[in-house]
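Undergrad: Please arrange chain F on chain L, whose structure you already have, making use of the hints.
Residues per chain, in single letters:
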Amino acid sequence: MARTVPTSTRIGFTALAWIIALLLFSPILWVLLTAFKTEAEAIAASPTFLPQNFTLENFAAVQDRSDYFKHAFNSIIVSVGSTLLGLAIGIPAAWAMAFAPTKRTKDVLMWMLSTKMMPAVGVLIPIYLIFRDLRLLDTVHGLTLIMTLINLPIIIWMLYTYFKEIPVDILEAARMDGAELWNEIVHVLVPMAVPGIASTLLLNVILAWNEAFWTITLTSGRAGTLTAFISSFSSPQGLFLAKLSAASLLAIAPILLMGWFSQKQLVRGLTFGAVK
Amino acid sequence: MGSISLQHVKKSFGEVQIIPDISLDIKDGEFVVFVGPSGCGKSTLLRLIAGLEDTTSGQILLDGEDMTKAPPARRGLAMVFQSYALYPHMSVRDNIAFPLKMAKAPKALIDQKVEYAARTLNLSSYLDRRPRALSGGQRQRVAIGRAIVREPKAFLFDEPLSNLDAALRVNMRLEITELHQQLKTTMIYVTHDQVEAMTMADRIVVLNAGNVEQFGSPLDLYKKPANRFVAGFIGSPKMNFIDGPEAAKHNAHSIGVRPEHFKLATTATSGTWKGKVGVAEQLGSDTFLHVHVEGLGLMTIRTDGDQTFNHGDDVYLTPDPTRIYRFDASGVAI
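Those protein sequences? They're chains L and F, same order as listed. Numbering follows numbering that gives the first Met the number 0, in which position 227 of the first sequence is assigned residue number 226; successive positions increment by one, without gaps. Numbering follows numbering that gives the first Met the number 0, in which position 115 of the second sequence is assigned residue number 114; successive positions increment by one, without gaps.
Derived BS3-like pairs: lysine-lysine, alpha-carbon spacing no greater than 25 Å straight-line:
#	chain 1	residue 1	chain 2	residue 2
1	F	Lys275	F	Lys262
2	F	Lys275	F	Lys237
3	F	Lys68	L	Lys102
4	F	Lys248	F	Lys223
5	F	Lys9	L	Lys102
6	F	Lys183	F	Lys152
Derived by calculation from the structure, the hints in this document are not laboratory data.
Only chain L is shown next, with the shape it has when bound in the complex (with noise of 0.2 Å):
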């Protein structure tokens, strides 16, 4: 029998999911509502909702005061660079683990996972003296790289829980009907897969595009993405609250929109063998 949940509660659960859904809302519509005020509205005592004197003034001296479009580029081949690299080393990988799994793989997967679970900053030096020394330090390469390595655990842990999903019997019979390796992975698996590696693609642009901590510190001038950009603003011009806002707003418009156009196969990639 179906369960029955009367109105009121229905209205009330309603209600309390879009206050909720609004008050987590509200910084980027604060930060949209201030991008387009002027710097002595954004910061005036009273503070009004909506700009009061339209303007796109901030936009053009984001653009003018720190390359937009650069950074924006670099962010675009990190996220979608490591994301492809990423991709590369984790089908193999996972195809591995999910088919051909020997008595450690389930260790081997934890040993992976727990490599997020460490604090960046403990590996800061090490990393930073690599980097240092190899010459990649604010260079996009070298940002991608530590893009892919950090995003790999997740990708491979995605890519691993997609692929248990799908049945050996179907991989066999391509062995047997002559498939190679490649060709059982080429044109088998990842056919069979594409749900999985879209959402597993979607999320990695999404984390490496969001990114800071790693892209902050080993990059300046020349590799920086859109969140070193953003942060260029933030700290000695920190009253220039509608400059501040207009760069933020550009830099997670691009991701934003991405996010929203793809967040059914988000919401179905994320659940996937969740309910069978």
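TA: Showing chain F alone in chain L's frame:
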């Protein structure tokens, strides 16, 4: 050519021994069925031949060539799985063409072979559909089509009809037998259903706990079972076994009588066993009577479908003396 020879093949998973030691010779063009109860190692044996599992020791020869270490792709065998194992993202056409694409066959040849296989298996009008849009029987045909186009040395079937309903199973059974007669390619077929084994096989391998209990033609197994296990496994309904003094009268530890090898009377005659009818299963053509015989236990009797019996009726059973199977204490036929 497609002869398959297993020489002292052993398989263990860790500490667990699944196949203690099996040697078998399957001739080119033969239809061999591996039959046995669940967990007897029949599917494992098939997977060893396919190369999907590694042997622990022993050799597997295909056409005299040692293929023990060869990967599945190099063995030139085709397999039909219980779950069909079709590629869900490909059309029927692409599914059937897949092995040929892997073999880098020219496109014209692929088209020709796919069309031929589709015609043979009545799939021509479904070629552009995805597997999910097909019924169970059609999916199984696609799986067979995919196996046929490779022109393999041998076909391996792993319980291919288990997921089909009873009527369809009988049809597919006939289709596979006809296919064998048409192609004359070696086929190894795994099933737990002894009726499938009896009706399809040239020779049957009866397996139990990873050992070959008997390897012979269906009628050999029926008429001359090597031991009590085979006698009980082959034949439906199962053979009745009797131990104790009644067996001792025949100089055996136990004796077996098949349900169809009894004379049934409703009045006492000399040398008969008296019993009471328990359940009567009426199939129309036959009736299976489950008779409680005093001192001997429950017996199953196959009788003419025209006779009617009621629960509690007294009946007298006389086993055909020429068809009493005798077994020693270890279960080996005497």
